[in-house]
Amino acid sequence: MSNQLPVINLMGPTASGKTALACELYEQGGFELISVDSALVYRDMDIGTAKPTKEEQARYPHHLIDIISPLEVYSASQFVDDASLLIDDIHARGKTPILVGGTMLYFKALLEGLSSNLPSADHAVRAEIEAQAEQGGWEAVYKRLCEVDPLAGQKFKMSDKQRIIRALEVYQLTGEPITKLQAEQPKDLPYKYNFYNYALMPDRVELHKRIEKRLEIMWKIGFLNEVKNLMIKYDLDENLPSMRSVGYRQALDFLKNSDKSTGKQREMEDKALFATRQLAKRQYTWLRSLQEKHKFTTYLTVSQAQEDLRNCHG
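Per this note's numbering, residue 31 is the first one in the sequence shown, and the count goes up by one each step.
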């Protein structure tokens with residue numbers, strides 16, 4: 031274990047206080063921060079993602095924030111590639127990386143490894159598949175998936191559009207079914223990092239209050255205007271991964287498809303609140319699943335974590 035490089039993973043559901051905790055650790059010196067958040071990668075999506083402000087980022091720089099446009103796709107495998115390079119660079123500078131965020135799929139991919147034999151996203155192939163869906167309907171695209179990869183056809187529903195696109199993309203690029211390539215991925219390989227896993231898991235009632243407060247602030251400081259500006263700047267639609275982020279999906283639907291009355295706005299805000307609570311619930315489930323396989327230290331409160339982490343890594 032002595033030759034393994036230390037990596038601190040700081041996980042937790044949305045609004046649990048992870049970022050504030052990571053920033054406090056950063057102030058002790060000797061650390062660099064890597065964002066583990068599938069929404070913070072997008073430029074111009076600031077309010078709805080609770081992105082650290084420009085001032086906060088200047089004081090507490092985060093890697094992997096604002097790296098792509100809302101029209102682009104960023105996969106878990108791309109995250110692992112980028113994070114691994116950053117981790118090595120940070121260690122080369124004599125510092126310890128702190129990975130902080132709530133995208134548990136990214137943490138799982140880093141902790142357990144991904145199918146390295148899968149190709150990266152190919153935008154031309156994806157566009158071709160989406161064009162086929164527009165012309166012939168999703169039923170025809172799904173039927174084709176069932177023909178080339180029957181196992182994927184069993185696993186995915188016709189509504190799982192992103193998964194269907196990815197499976198067909200992999201087949202077109204490799205000539206092999208994605209399920210076959212995933213099954214061939216070696217498991218439990220020796221890893222060069224020594225992960226220290228910490229999770230903030232507040233009481234649900236307390237977390238729900240924090241989520242509600244965060245959303246209230248977001249609406250007040252102009253989240254709806256942010257989405258309007260995104261619509262002006264980019265050709266957005268609800269199937270883009272960026273627009274599947276909680277809050278953005280509901281706001282986009284409201285701006286595109288409603289009469290924009292006060293009643294409809296209130297309804298949209300309630301939907302966004304419900305979706306954020308559901309996200310937190312899924313994050314708790316992911317965390318428990320990860321805890322079954324990996325060593326974790328969990329905290330109910332930020333102050334509890336601050337004291338312990340100061341002693342462990344100070």
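Certain hints may be false.
Derived DSS-like pairs (lysine-lysine); straight-line CA-CA distance at most 27 angstroms [as the list claims (entries may be wrong)]:
1) Lys125 to Lys325
2) Lys243 to Lys84
3) Lys294 to Lys239
4) Lys138 to Lys250
5) Lys294 to Lys243
6) Lys311 to Lys323
7) Lys138 to Lys191
8) Lys138 to Lys323
Pairwise CB distance ranges (calculated) [claimed, not checked]:
9) Lys222 to Gln165: 40 to 48 angstroms
10) Ala157 to Glu177: 16 to 24 angstroms
11) Lys286 to Ser189: 17 to 25 angstroms
12) Ser319 to Met261: 17 to 25 angstroms
13) Ser189 to Leu101: 16 to 24 angstroms
14) Ala305 to Lys263: 43 to 51 angstroms
15) Ser189 to Leu35: 37 to 45 angstroms
16) Ser319 to Gly293: 21 to 29 angstroms
17) Ala50 to Arg318: 20 to 28 angstroms
18) Gln87 to Gln192: 26 to 34 angstroms
19) Cys176 to Ala305: 26 to 34 angstroms
20) Asn269 to Ser150: 17 to 25 angstroms
21) Pro149 to Asp119: 19 to 27 angstroms
Quick caveat, the hints were computed from the structure, so don't treat them as lab data.
Idealized CB from N, CA, C, for every residue including glycine.
Okay, the hints, checked on the actual structure:
Pair hint Lys125 plus Lys325 holds up; C-alpha atoms about 23 angstroms apart against a cutoff of 27 angstroms. At most 27 angstroms may separate the alpha-carbon atoms for a hinted pair to count; Lys243 and Lys84 meet this at roughly 22 angstroms. A C-alpha spacing of about 23 angstroms is found between Lys294 and Lys239, which places the hinted pair at or below 27 angstroms, so the restraint holds. Only pairs whose Cα atoms come within 27 angstroms are accepted, and Lys138 paired with Lys250 is rejected, the gap being roughly 35 angstroms.
For the given pair, Lys294 sits about 20 angstroms from Lys243 by alpha-carbon distance, which is consistent with the 27 angstroms threshold. Distance restraint check for Lys311 and Lys323: the Cα-Cα separation of roughly 20 angstroms lies within the 27 angstroms cut-off, and the hinted pair is therefore satisfied. The straight-line distance between the Cα atoms of Lys138 and Lys191 is roughly 22 angstroms, inside the 27 angstroms bound, and the hint therefore holds. Simply put, Lys138 and Lys323 have alpha-carbon atoms about 10 angstroms apart, close enough for the 27 angstroms limit, and the pair holds.
The hinted range of 40 to 48 angstroms is satisfied by Lys222 and Gln165, whose Cβ atoms lie roughly 47 angstroms apart. Range check, Ala157 to Glu177: about 21 angstroms between beta-carbon atoms, so the 16 to 24 angstroms window is met. Roughly 20 angstroms separates the CB atoms of Lys286 and Ser189, a value that falls within the hinted 17 to 25 angstroms. For the pair Ser319 and Met261, the beta carbons lie near 36 angstroms from each other, so the given range of 17 to 25 angstroms is not met.
At about 22 angstroms, the beta-carbon gap between Ser189 and Leu101 stays in the expected band of 16 to 24 angstroms. Between Ala305 and Lys263 the beta carbons are some 24 angstroms apart, a value that contradicts the proposed interval 43 to 51 angstroms. At about 41 angstroms, the CB distance of Ser189 to Leu35 agrees with the hint of 37 to 45 angstroms. Checked against the given bound of 21 to 29 angstroms, the beta carbons of Ser319 and Gly293, roughly 39 angstroms apart, lie outside it.
The given range of 20 to 28 angstroms is respected by Ala50 and Arg318, whose C-beta atoms sit roughly 23 angstroms from each other. The given range of 26 to 34 angstroms is respected by Gln87 and Gln192, whose C-beta atoms sit roughly 29 angstroms from each other. Range check, Cys176 to Ala305: Cβ separation about 31 angstroms, and the 26 to 34 angstroms hint holds. Taken as a hint, the range 17 to 25 angstroms holds for the pair Asn269 and Ser150, whose Cβ atoms sit roughly 20 angstroms apart.
Between Pro149 and Asp119 the Cβ separation comes to about 25 angstroms, which falls inside the hinted range of 19 to 27 angstroms.
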